[in-house]
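Visitor: Given the coordinates of chain W, assemble chain S onto it according to the supplied hints.
Respectively, the protein sequence lines represent chains W and S.
Position in the first sequence counted from 1, then plus 12, gives you our numbering.
Position in the second sequence counted from 1, then plus 12, gives you our numbering.
Worth flagging that the hints you see were computed from the coordinates, not collected in a lab.
Treat the hints with care, since some could be wrong.
Identical copies go unnamed one by one, so any copy, or any two together, can satisfy a pair.
Stated by the list, open to error - In silico DMTMM-like pairs for lysine to aspartate or glutamate, Cα to Cα no more than 25 angstroms straight-line: (1) LYS21 with ASP66; (2) LYS247 with ASP66; (3) LYS73 with ASP215; (4) LYS270 with ASP213; (5) LYS73 with GLU216; (6) LYS270 with ASP215; (7) LYS155 with ASP289; (8) LYS219 with ASP66; (9) LYS73 with GLU220; (10) LYS247 with GLU150.
Bear in mind that the values here come from a model prediction, so they are computed numbers and not experimental data.
Protein chains: 2
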Amino acid sequence: MINTKVILKSRPKRLIENNNFDIVTEPLADLQPNEVLVQIEAISLDPAMRGWMDEGTTYIKGVSIGAVMRSFSAGKVIRSKNDMFKEGEYVSGLLGAQQYSISNGENLTKLNISKGKVSLHLGILGMPGMTAYFGLLEKGTPKKEDVIYISGAAGIVGSTVGQIAKIKGCTVIGSAGSDEKCQYLLNECGFDKVINYKTEDIDEKLKEYAPEGIHIYYDNVGGPTLDIALANLAKGARVVICGAISQYNNMNNIYGPKNYMKIVTARGHLTGIIVFDYAEDWPNAINEISNWINEKKIFAKEHLIHGLEKFPESLKMLYTGENFGKLVLMV
Amino acid sequence: MINTKVILKSRPKRLIENNNFDIVTEPLADLQPNEVLVQIEAISLDPAMRGWMDEGTTYIKGVSIGAVMRSFSAGKVIRSKNDMFKEGEYVSGLLGAQQYSISNGENLTKLNISKGKVSLHLGILGMPGMTAYFGLLEKGTPKKEDVIYISGAAGIVGSTVGQIAKIKGCTVIGSAGSDEKCQYLLNECGFDKVINYKTEDIDEKLKEYAPEGIHIYYDNVGGPTLDIALANLAKGARVVICGAISQYNNMNNIYGPKNYMKIVTARGHLTGIIVFDYAEDWPNAINEISNWINEKKIFAKEHLIHGLEKFPESLKMLYTGENFGKLVLMV
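Same shape as in the complex, but just chain W (with noise of 0.2 angstroms):
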């Protein structure tokens, strides 16, 4: 059997090129004992990409050079040799940008479908969503009539946040970089106010919509949108640190928050969320997010693009806020 898998070639200096990558096709190995091989159907695209590009960090390992591209991906086993893991079950883990993955089983999660689709379980059901879930309940712990500022709301993790915040009866603020997908957070996703902030002001907007100022900001954004909302937090406020989207072309030159001190003037905090911490209770949360969807209270937008040969391009999309909904390349 033939495997085709993108490979990263170089390391970008600053923002991703296509020739970064390259594709590659190599007859797959025999399976091992204990080994799964995946078909792999739905790669997520994910904003933490672009750092494993990079040489790697104390907390987290570089993609070397000449290796298959490190991704979320989701498939169904089609041979089996771990006798947890049966042929026509679906997982999903760190299994590449190929065609087909072989594992050994250790970090995979098996995935319940009757839950949602495939790609789904890249997204709302999956990394993305329990971010947004373990976050917004764990640190950002909403209250009735908090208000909640969330930036790169459109996202699929800002979006999700959002409408669970609805759900727990917040006042949700969303900022998003065009006037369509600020649409979308009001008319599909039940947001009470949105902010474009390529043509509003976001400062002036935030004390408009929340003149007490906001209970819980959670930052997808980093940079000087954070700068602002931590200029505009209510007494107790808890900012969520989820992102920097905007900073991960510019590791070597990070915006520092220069409003840090409003965080003791506010009597707040700022802290994080590390997904990966919460994951006994994944299983819990995906159960209460299917439900939502279910009975309609959360909508979750995909954008699906198909080949793996679309790759460099699709993943190039998150840092210029061309994708609209969780990017997901179909293989």
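Guide: Here is chain S on its own, set in the frame of chain W:
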């Protein structure tokens, strides 16, 4: 009766200049009903004063040009038309940098001089001591065997934090700007390790002294030191922001911590201390610290300067690090 007072003549552009202040004399007004006349004995010189000399923020209003410079001061009630205060009692409050102050008794704190002499009530038994006590115990939540790093450790807040942390069973690392201050921390305050930030590399020394990372960072300085501390957090670390003395002369271009995402990866959180939030518990804290002083478990170094006319040059010492111990101007 004639009062001598320090007034704010002009706002500093960046660094405080002697001629931002003027010393003027003026006859005292007659006492109105409910008012008390306090003869000031000691004036606290505090980092926050630089901010008070500016136009003001939402958090705290600046001192008006021509008005007496705001300060925490302590002294004796020498006349009283207020039933709450008797002649001969000692009080402290925002009584200003002057010889006499008239107060309506609001926000005036009675001092128990049996717990320590008047200048101590502006230091370890006053706001700085309370900041150390509540910042460490309520926000840093020290546990036995935690490693704590304190920047600006030779100041009254830092040295008190370190000594209380020792009482709580922590390993205490402090940084300061001279070998003399470092020796003081080791020999008189019982710190375990010290770093002279002018001659040693803080990052290198933290990695040597706290190879597993720091559980608590008590930040008195801000700036790049905060970034170094963030890069050395242990899992679950608490970052307590108390001050940012390195930034007070630089408020239009604050250094934002570029490593703020390290708080997330360390599963830590960042918060701060507003000491007045604990006003009700001050008497208990004063009692406990005063007992520790009597038991020789805590040592409170003072730097006393005599003469109201020395106000401007004394205040400047805070920002150059020339003071050694709690800086108090004795009238």
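Visitor: Evaluate each hint against the coordinates.
Guide: Do the hints match the structure? See the list:
1. With identical chains, the CA atoms of LYS21 and ASP66 are at most 25 angstroms apart within one copy only, with a shortest distance of 12 angstroms there and 55 angstroms across copies.
2. Taking the shortest Cα distances, LYS247 and ASP66 sit within 25 angstroms of each other only across copies (24 angstroms), while inside one copy they are farther apart (39 angstroms).
3. Taking CA atoms no more than 25 angstroms apart as the test, LYS73 paired with ASP215 passes between copies only; the shortest distance there is 22 angstroms, against 37 angstroms inside one copy.
4. In the homo-oligomer, the alpha carbons of LYS270 and ASP213 lie at most 25 angstroms apart both inside one protomer (18 angstroms) and across protomers (24 angstroms), since each shortest distance falls under that limit.
5. For the homomeric pair LYS73 and GLU216, the shortest alpha-carbon distance between copies (22 angstroms) is at most 25 angstroms, but the shortest distance inside one copy (41 angstroms) is not.
6. Taking the closest pair of Cα atoms, LYS270 and ASP215 come within 25 angstroms of each other both inside a single copy (15 angstroms) and across two copies (22 angstroms).
7. For a Cα distance limit of 25 angstroms, the shortest separation of LYS155 from ASP289 qualifies both inside one copy, at 23 angstroms, and across copies, at 22 angstroms.
8. Taking the shortest Cα distances, LYS219 and ASP66 sit within 25 angstroms of each other only across copies (24 angstroms), while inside one copy they are farther apart (39 angstroms).
9. Proximity of LYS73 to GLU220 under the C-alpha cut-off of 25 angstroms is restricted to the inter-copy arrangement: shortest distance 23 angstroms between copies versus 43 angstroms within a copy.
10. When the C-alpha separation of LYS247 and GLU150 is checked against a cutoff of 25 angstroms, the pair qualifies both within a copy, at 19 angstroms, and between copies, at 17 angstroms.
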